[in-house]
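Peer 1: Now for the letters of each chain:
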Amino acid sequence: MNFSKCTARRRALATVLALVALGGAPLPAQSKQPTAQEQANLKLVMDWWREVVFAHHVDLAPKYMAEDYVQHDPNVPTGRAAFVEMFGKRPAQAIPDTLPHPPLKAFAKGDYVVLVWEHEDKDPSDPSKTYAFNTFDVMRVQNGKIQEHWDSSQKNPPQAAK
Amino acid sequence: MKFLLSLIVAAAILAPAYRLLEAQDLKLTPEEQKNQQIAFVEFHDMLQYGHLELAEQYMAPGYIQHNPNVPQGRDGFVQYMSRLRKPEPIQTEWKTKPSLVITSGDLVLLMFDRMAPDPADPSKKYTYNGFDMVRVDGGLIQEHWDTAKKGPALPRRP
Numbered sequence: 001m002n003f004s005k006c007t008a009r010r011r012a013l014a015t016v017l018a019l020v021a022l023g024g025a026p027l028p029a030q031s032k033q034p035t036a037q038e039q040a041n042l043k044l045v046m047d048w049w050r051e052v053v054f055a056h057h058v059d060l061a062p063k064y065m066a067e068d069y070v071q072h073d074p075n076v077p078t079g080r081a082a083f084v085e086m087f088g089k090r091p092a093q094a095i096p097d098t099l100p101h102p103p104l105k106a107f108a109k110g111d112y113v114v115l116v117w118e119h120e121d122k123d124p125s126d127p128s129k130t131y132a133f134n135t136f137d138v139m140r141v142q143n144g145k146i147q148e149h150w151d152s153s154q155k156n157p158p159q160a161a162k
Numbered sequence: 163m164k165f166l167l168s169l170i171v172a173a174a175i176l177a178p179a180y181r182l183l184e185a186q187d188l189k190l191t192p193e194e195q196k197n198q199q200i201a202f203v204e205f206h207d208m209l210q211y212g213h214l215e216l217a218e219q220y221m222a223p224g225y226i227q228h229n230p231n232v233p234q235g236r237d238g239f240v241q242y243m244s245r246l247r248k249p250e251p252i253q254t255e256w257k258t259k260p261s262l263v264i265t266s267g268d269l270v271l272l273m274f275d276r277m278a279p280d281p282a283d284p285s286k287k288y289t290y291n292g293f294d295m296v297r298v299d300g301g302l303i304q305e306h307w308d309t310a311k312k313g314p315a316l317p318r319r320p
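Protein chains in written order, with the numbering used here: chain G, 1 to 162; chain L, 163 to 320.
Just chain G, with the same shape it has in the complex (with noise of 0.2 Å):
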């Protein structure tokens, strides 16, 4: 007796199931449309990022982000004066009236908003092509200000000694 085979087979049985019993009920009104609150927070998210993470207008901070923000991007240190500060360094630009190079997904969730992003690189066996990858951000809002922030970036290598 394959025992694994069967639990798998108990599982797809119960997602079965669980569906059935989800989808043969007869279903509200289906909410895909995001609520008031989310079209806020998913305003709120795409104002600061073209003006203050695209266009460095940090000055412009304290309207979108909570003092005490949480940063999970192990490249900028946490809260919003360390962000500043680091922003702050770049040079400031022009604020655009839409982001040069839109995400290819955006959207927002209860507390949530979710950015996905698509990036042309190198083909590494092949340089003469190019490849499409996805880089991902998420922000929490809270109290409408942008509380926390993940995303996908790894650690940069130390920058050579000055």
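It cannot be assumed that every hint is accurate.
Cβ-Cβ distance ranges computed for the label pairs, FRET-style [as the list claims (entries may be wrong)]:
{"no.": "1", "chain 1": "L", "residue 1": "Gly-313", "chain 2": "G", "residue 2": "Ala-36", "range": "20 to 30 Å"}
{"no.": "2", "chain 1": "L", "residue 1": "Pro-192", "chain 2": "G", "residue 2": "Gly-88", "range": "16 to 26 Å"}
{"no.": "3", "chain 1": "G", "residue 1": "Ser-128", "chain 2": "L", "residue 2": "Pro-192", "range": "41 to 51 Å"}
{"no.": "4", "chain 1": "G", "residue 1": "Asp-126", "chain 2": "L", "residue 2": "Ile-226", "range": "18 to 28 Å"}
{"no.": "5", "chain 1": "L", "residue 1": "Gly-301", "chain 2": "G", "residue 2": "Ala-82", "range": "37 to 47 Å"}
{"no.": "6", "chain 1": "L", "residue 1": "Arg-247", "chain 2": "G", "residue 2": "Gly-88", "range": "24 to 34 Å"}
{"no.": "7", "chain 1": "L", "residue 1": "Pro-192", "chain 2": "G", "residue 2": "Tyr-131", "range": "30 to 40 Å"}
{"no.": "8", "chain 1": "L", "residue 1": "Gln-241", "chain 2": "G", "residue 2": "Ala-36", "range": "40 to 50 Å"}
Simulated from the structure, these hints should not be mistaken for lab results.
All figures in this text were calculated on a predicted structure; none of them were measured in a lab.
Beta carbons are placed, not taken as given, at the ideal position from N, Cα and C, and that holds for glycine.
Assemble chain L onto chain G, guided by the hints.
Peer 2: Then chain L, alone, in the frame of chain G:
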């Protein structure tokens, strides 16, 4: 009666495995709950416990793969992953539990905490986040995105 029975069975068997996100309270619609469960079949049952035979039931044949290292399609996924994973009894626990799951309409995003050696001091480790996102439509997983980049070309065999 049948419906009630299946609901009870489903609740009894499924709930312990996947009820990890109460704290998030994202108020999923029934359709979103269904989509999230199907995404969990891929990330829990197929990828963590190796049951790639479930792909036939839960993945569209034309599965669109955005990970640049994995071939396109359901068959490409199953062939690629079955070299890396062997089926084992499915436990209710996740081997690696997602630290965040966000389901909105047909998109299900899973975030995982990962550890890597610190490039500034390889004796230490630090945490970073990995992401997977799938699009579920018509009860089938249709598309997948993650953070993988292309690895360097493997040396050719002589």
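Peer 1: Work down the list of hints and note, for each, if the structure agrees.
Peer 2: Going through the hints against the structure:
no., hint, in the structure
1, L:Gly-313 x G:Ala-36: 20 to 30 Å, "violated, 44 Å"
2, L:Pro-192 x G:Gly-88: 16 to 26 Å, "violated, 47 Å"
3, G:Ser-128 x L:Pro-192: 41 to 51 Å, "holds, 49 Å"
4, G:Asp-126 x L:Ile-226: 18 to 28 Å, "holds, 22 Å"
5, L:Gly-301 x G:Ala-82: 37 to 47 Å, "holds, 46 Å"
6, L:Arg-247 x G:Gly-88: 24 to 34 Å, "violated, 47 Å"
7, L:Pro-192 x G:Tyr-131: 30 to 40 Å, "holds, 38 Å"
8, L:Gln-241 x G:Ala-36: 40 to 50 Å, "holds, 46 Å"
Comparing the model with each earlier hint shows violations of hints 1, 2, 6; every other hint is respected.
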